[in-house]
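Quick note, the sequences are listed as chains A and B, same order.
Counting from 1, one number per residue, gives the positions in the first sequence under the working numbering.
Counting from 1, one number per residue, gives the positions in the second sequence under the working numbering.
Just so you know, these hints were derived from the structure itself, not from any lab.
Keep in mind it's a predicted model, so treat the numbers as computed, not measured.
Keep in mind that a hint or two might mislead.
FRET-style restraints, in silico, Cβ to Cβ [to be verified]:
no., chain 1, residue 1, chain 2, residue 2, range
1, A, P50, B, K35, 54 to 60 Å
2, B, M61, A, E65, 30 to 36 Å
3, A, S187, B, E57, 48 to 54 Å
4, B, G36, A, A121, 39 to 45 Å
5, A, G180, B, K35, 20 to 26 Å
6, A, S187, B, D50, 50 to 56 Å
7, A, I117, B, G36, 58 to 64 Å
Built from N, CA and C at the ideal position, the CB exists for glycine as well.
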Amino acid sequence: MTSAQNAGARKWITLFVVAVAVICALKLTGAINSTTGFILLAAAMILLVPFQRALARSRSGCASEASVRYTRRIAISSLLYVLGLGVAITLDRRMELSGALALVIALLPVLPIFGMIWAMARYIIEEQDEFLRHRAIMASLIGLAAVLGIASFWGFLEQFRLVPHAYGWWALPIWAIAMGLAQAILSWRDRREASE
Amino acid sequence: MNNRLKVLRAEHDWSQQDLAERLGVSRQSVNAIEKGRYDPSLPLAFRIADVFELAIEAIFMRDSKGDEAG
């Protein structure tokens, strides 16, 4: 990947992170309500499309086309997740949901989460480079360790009424964040060693 | 496991990227194997041996300790 190609992908992901940060700041300060926040977040996720394309261009000819497909699948799942979550929360606040309808509404953000898990599984299956596959598996195991550790720790704190209740859906964000951090650290270590 | 990948690469005047392209893997893979941080699978080890036209044991050596127990 050349520095110019790198810069293209970096520009879009930086724009996305800045947009999400601004939307979060607006929501936290009360400048916008939840519905507006979700709409803006869904709009911001469109920035992941040019990011994914820039990434694909920069990696063309490189060994890992599987990672480009993975990024595209995760971007689509994330967009559907934000939209599903927005619709579910908005309907939950405006209607008395129960029974089968509540189940259907609850599935709106859940199905894209299954999509993310499927995307990760496909990446591990499709990645032809055994070292990159090994690194992805190690990162996902670190994510799993974070989920197990934090959930167990939090559960006992909750048992003794030291912390408020946390919903089970936190499992995926904790796993994804820990996995992403692990991937970033492992990639950085590889790059540093390669330049030595 | 130790290996002579860096020496062999230098003898052929190949960069890590050159070797990676010949093996059909990423440059990161070559780097990790070269540094001894990742042991390649048997099929990849055979591909490496084929590229250098050497036997596997002429490229990869067991560690002085640990591997000898088996």
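Self-check item: Hints violated by the structure (numbers, ascending)
Solution: 1, 3, 4, 6 and 7
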